[in-house]
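Number of protein chains: 2
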Amino acid sequence: MDYPHIARQTSRVLSSYLTYQAVRVVVAQLSQTDPPLAIWLNGFSVTGKIQDGERYLEELLRERQELALRVMTVREHLAENILDVLPEMVQAEIHQANTQQRKHHLERLTQVAPSELASWPELES
Amino acid sequence: MDYPHIARQTSRVLSSYLTYQAVRVVVAQLSQTDPPLAIWLNGFSVTGKIQDGERYLEELLRERQELALRVMTVREHLAENILDVLPEMVQAEIHQANTQQRKHHLERLTQVAPSELASWPELES
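Chains as they are written, first to last, in our numbering: chain A, 1 to 125; chain B, 1001 to 1125.
Hints may contain errors.
Said to hold, decoys possible - In the DSBU-like style, the derived pairs of lysine-lysine whose C-alpha atoms are separated by at most 35 Å in a straight line are:
| id | chain 1 | residue 1 | chain 2 | residue 2 |
| --- | --- | --- | --- | --- |
| 1 | A | K49 | B | K1049 |
| 2 | A | K103 | B | K1049 |
| 3 | B | K1103 | A | K103 |
Keep in mind that the hints were calculated from the coordinates and are not lab data. It should be emphasised that the depicted structure is a prediction, and the values quoted were computed from it without experimental measurement.
Excised from the complex, chain A in its bound form (with noise of 0.2 Å):
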């Protein structure tokens, strides 16, 4: 397995991610303060633009670069506040979820045909 190029891709992946939760904490944020504001970059955000998180910062530069200046400044906060706890989260919720399908998928086997778990060794472990 490719391990650096996967933790590349993912890296990216979640720095487009954290800039959209930074686009969704500046909405919320404008929509105490500045009504028209919110929806006004609500609807900016909406169109799947988003999904490029350096592509949508560039157009929000050249639109509205206050907007764009606290989005920058939000997601960086986010990165430092948030990331180091993600390892950890993410392990636990993995392993977690491999525990809950492997359970669940045994009773449904349970349930049709208790015959089948014989050829199913790896539940066991």
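We have chain A; now place chain B onto it with these hints.
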């Protein structure tokens, strides 16, 4: 900012993304050892349902349990091997992207109207 809530959402997105990457790893492995099965898994996985990793695995467990178990094992390996490097990578990536965005925006501004810069003190820092 509700950091714990954003961290939980990000963790869920990351788990799903690692499931997607695990599927890609298994497809690549199968294309060497069992091409028809690789094609089957690819077809099963491109229909958009992989967006929700757990639901996808639930269906795959019903259709081809050995493949689902393999994807689950691979995503656990991925989590163990790439998550620890992610916080630093993503933080560096966002910091670098922010610097680039500010730089390019400054370049665009100076090309268009140098006088506008005076009203943008954020760029000086």
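Hint by hint, here is what the structure shows:
1. A:K49 x B:K1049: 21 Å, holds
2. A:K103 x B:K1049: Holds: A:K103 and B:K1049 sit about 21 Å apart, inside 35 Å.
3. B:K1103 x A:K103: 52 Å, violated
Taken one by one, the earlier hints fail for this structure only at number 3.
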